[in-house]
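Visitor: Following the hints, put chain B in place on chain A, whose structure we already have.
Spelled out from the first residue to the last, the chains are:
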Amino acid sequence: MSAPVPLPAWADRLLMPLLALATAALAAALLLFGIGENPADALAIMLRGALGSGEGIGFTLYYATNFIFTGLAVALAYHAGLFNIGAEGQATMAGIGAALFIFAAEPITQGFLLIPIGIVGAMIFGAVWAAIPGWLQAWRGSHVVITTIMFNFLAAIVSVYLLVNVIGKEGSMQPETRLIADGAQLWTMQAMLGALGFKSPSTPLNFAFVLALLAAFAVWVLIFRSKFGFHLRLIGTGNDAARYAGINTQRMIVLAMALSGALAAGMAVNEVMGVQHRVVIEFTSGYGFVGIAVALMGRNHPVGVILSALLFGALYQGGTELAFERPAITRDLIVTLSGLVIFCVGALDQLYRKPLAQLLARREPG
Amino acid sequence: MRALVLGLAVSAMAGFAPIGSASAQAIKPAIVYDLGGKFDKSFNEGVYQGAEQFKKATGIDYRDFEIQNDAQREQALRRFARDGFSPIVAVGFSQATALEKVAKEFPDTKFTLIDMVVNAPNVQSVVFKEQEGSYLVGLLAAMASKTGKVGFVGGMDIPLIRRFACGYVQGVKAANPSADVFQNMTGTTGAAWTDPVKGAELAKSQIDRGADVVYHAAGGTGIGVLRAAADAGKLGIGVDSNQNGMHPGKVLTSMLKRVDVATLTAFSDAKDGKWKPGVMVLGLNEKGVDWALDDNNKALITPAMKAAADKAAAGIVAGSIKVHDYMADGKCPL
Numbered sequence: 027m028s029a030p031v032p033l034p035a036w037a038d039r040l041l042m043p044l045l046a047l048a049t050a051a052l053a054a055a056l057l058l059f060g061i062g063e064n065p066a067d068a069l070a071i072m073l074r075g076a077l078g079s080g081e082g083i084g085f086t087l088y089y090a091t092n093f094i095f096t097g098l099a100v101a102l103a104y105h106a107g108l109f110n111i112g113a114e115g116q117a118t119m120a121g122i123g124a125a126l127f128i129f130a131a132e133p134i135t136q137g138f139l140l141i142p143i144g145i146v147g148a149m150i151f152g153a154v155w156a157a158i159p160g161w162l163q164a165w166r167g168s169h170v171v172i173t174t175i176m177f178n179f180l181a182a183i184v185s186v187y188l189l190v191n192v193i194g195k196e197g198s199m200q201p202e203t204r205l206i207a208d209g210a211q212l213w214t215m216q217a218m219l220g221a222l223g224f225k226s227p228s229t230p231l232n233f234a235f236v237l238a239l240l241a242a243f244a245v246w247v248l249i250f251r252s253k254f255g256f257h258l259r260l261i262g263t264g265n266d267a268a269r270y271a272g273i274n275t276q277r278m279i280v281l282a283m284a285l286s287g288a289l290a291a292g293m294a295v296n297e298v299m300g301v302q303h304r305v306v307i308e309f310t311s312g313y314g315f316v317g318i319a320v321a322l323m324g325r326n327h328p329v330g331v332i333l334s335a336l337l338f339g340a341l342y343q344g345g346t347e348l349a350f351e352r353p354a355i356t357r358d359l360i361v362t363l364s365g366l367v368i369f370c371v372g373a374l375d376q377l378y379r380k381p382l383a384q385l386l387a388r389r390e391p392g
Numbered sequence: 017m018r019a020l021v022l023g024l025a026v027s028a029m030a031g032f033a034p035i036g037s038a039s040a041q042a043i044k045p046a047i048v049y050d051l052g053g054k055f056d057k058s059f060n061e062g063v064y065q066g067a068e069q070f071k072k073a074t075g076i077d078y079r080d081f082e083i084q085n086d087a088q089r090e091q092a093l094r095r096f097a098r099d100g101f102s103p104i105v106a107v108g109f110s111q112a113t114a115l116e117k118v119a120k121e122f123p124d125t126k127f128t129l130i131d132m133v134v135n136a137p138n139v140q141s142v143v144f145k146e147q148e149g150s151y152l153v154g155l156l157a158a159m160a161s162k163t164g165k166v167g168f169v170g171g172m173d174i175p176l177i178r179r180f181a182c183g184y185v186q187g188v189k190a191a192n193p194s195a196d197v198f199q200n201m202t203g204t205t206g207a208a209w210t211d212p213v214k215g216a217e218l219a220k221s222q223i224d225r226g227a228d229v230v231y232h233a234a235g236g237t238g239i240g241v242l243r244a245a246a247d248a249g250k251l252g253i254g255v256d257s258n259q260n261g262m263h264p265g266k267v268l269t270s271m272l273k274r275v276d277v278a279t280l281t282a283f284s285d286a287k288d289g290k291w292k293p294g295v296m297v298l299g300l301n302e303k304g305v306d307w308a309l310d311d312n313n314k315a316l317i318t319p320a321m322k323a324a325a326d327k328a329a330a331g332i333v334a335g336s337i338k339v340h341d342y343m344a345d346g347k348c349p350l
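Protein chains in written order, with my numbering: chain A, 27 to 392; chain B, 17 to 350.
It is possible that part of the hints are untrue.
[Unchecked claim] Only pairs whose alpha carbons sit at most 20 Å apart, straight line, appear in this in silico PhoX-like list of lysine-lysine: (1) B:Lys347 / A:Lys195; (2) B:Lys44 / B:Lys292; (3) B:Lys117 / A:Lys195.
In case anyone wonders, no lab produced these hints; they're calculated from the structure.
Just chain A, same shape as in the assembly (with noise of 0.2 Å):
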């Protein structure tokens, strides 16, 4: 994914994202016309049902939450030169990782203490199941496209036999666990608006948004302003050069893929912890893979990754917002209209870079 054509950083980074959504926009457009409805009246009902009220940003903001958490996770691997597709299974696995360490710490201690604990549960389990993959990629060549995929699937059947037959809830229909005790829920947005005088909607808003701009700025940290952060893009651009630089390339690679496990482990801890307050089946809910677009959209950067997370977020509630006020618009046009979006930031995402630089190259001789 090596760019061939240079472009100006303000270039790369604002205007091609910003054409490649207006490509979408287009396409959506038309086939909102094709259906029958007015492309300029539902952009009108997304913006209002995203951003138009306290209840749709408190919507827009939690699915911010998991964006950036899963984001991150494919922007860190990315620096590293990893492609981590696995942000899926790895969030699936620390929604266990968080229920099993406070149900494990529930006997000891009911208070707030069990929210490090479950973070850390998720953190752990989150990272050992990106370094698996890690490690099969750094000794045995592996490569870990193809491994994170396969650790999806894996997750999953391990999830559905752990919520069947182990710590599923007695009796229950839905594979889930029973709800983690209070003292282990986070705070949602209302409750810690309301601590300061501030009244606020229901949403699944909740604490672990502020963890994820933490987050955010902690990778940011680490990529760009630390030694480890400087050899891991040093193994990104070049893995032989890294090598002969004296850096263990091996270990790298597998703390690489840990840390990226580790992040994406905060979408669990916003899932589980956060919102459901049990570990449902499938409650990534393909947060993960939307998290590859996210990165791709903003440039791997913590920043990037945090704008493109708050327009998918948009995007999402936005969506639910158009079913809700247009019966015409389904569940799967809503679908088709984030698939074109994915597509057009994702995919086509290189496709302006050759006349744009053109344009460019014209405009400033020499």
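Guide: Chain B only, in chain A's frame:
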């Protein structure tokens, strides 16, 4: 209690609809489907059909929403409740937790939950005894089988589907104690409900091992099961909706789970002021589960088979035949 709920409901609706007499109220019904989606040819679609019947009969329109992820359950229920919709039908056991919460926030809204129980003064829970219907189709399968081997293809491996399987096995063994039952689950994730290719593969492998009747409880996956059975010249058994017509003459029968009736009843009762909260367990006795006999499978069901099924049904209703419920203890005796 009922009068109280009714009174609350009427006062709640005063804001947006003229108050009719208690016997015919203007209602704004709504449906929140499960992840499977409205047109799954099975469970959710049954609800849709019930709602469409209601619409045709009364001219009252309804709104519906197909969720995309778990967080939307609560969002959708709350959204409909806030906009004044009632009754709101929540489809599927997965809605229970969200419904419990939202029902508390909107005590004046009527909620009907299908496939799971929530105890709240404004929630009606409708559950089915799938094991009873499965027992009957198991009985029919064993009697229709020439090889003494029958198959079962489940969707996702969850207790509910094991309940189908367990009832089926009991029915088979009741008709032919030495019969073999091959059981396969399609998968362990939600994708197991929508994988007709894998369903067909599983059915084929069971047929290769000698099964000549295959029952599916696998939602959209079952479309592949029925097709594979029909292609091999064997018999399939449908589930939830009447699927006899999908391959006429090649589908022995269908185990009916009348979610359509449950939906229609919930809407009509609300309209007539008869809706009441509580748990409704719909078994054979309540016509909540049944087996389908129509022109498509008339030739396949011999008088002896029909007599045996009717006798077993009567026995189950009377209590002389006890069909074990897998979900009662997580075990199947056979």
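Visitor: Each hint needs a verdict: does it hold in this structure or not?
Guide: Status of the hints after comparison with the structure:
Proximity of B:Lys347 to A:Lys195 is assessed by CA-CA distance (about 15 Å); at most 20 Å being required, the pair is judged to hold. A distance of roughly 17 Å separates the Cα atoms of B:Lys44 and B:Lys292; the hinted pair therefore holds under the 20 Å criterion. Between B:Lys117 and A:Lys195 the CA atoms are separated by roughly 19 Å; this keeps the pair inside 20 Å, and the hint holds.
The structure fails none of the hints (numbered hints given earlier).
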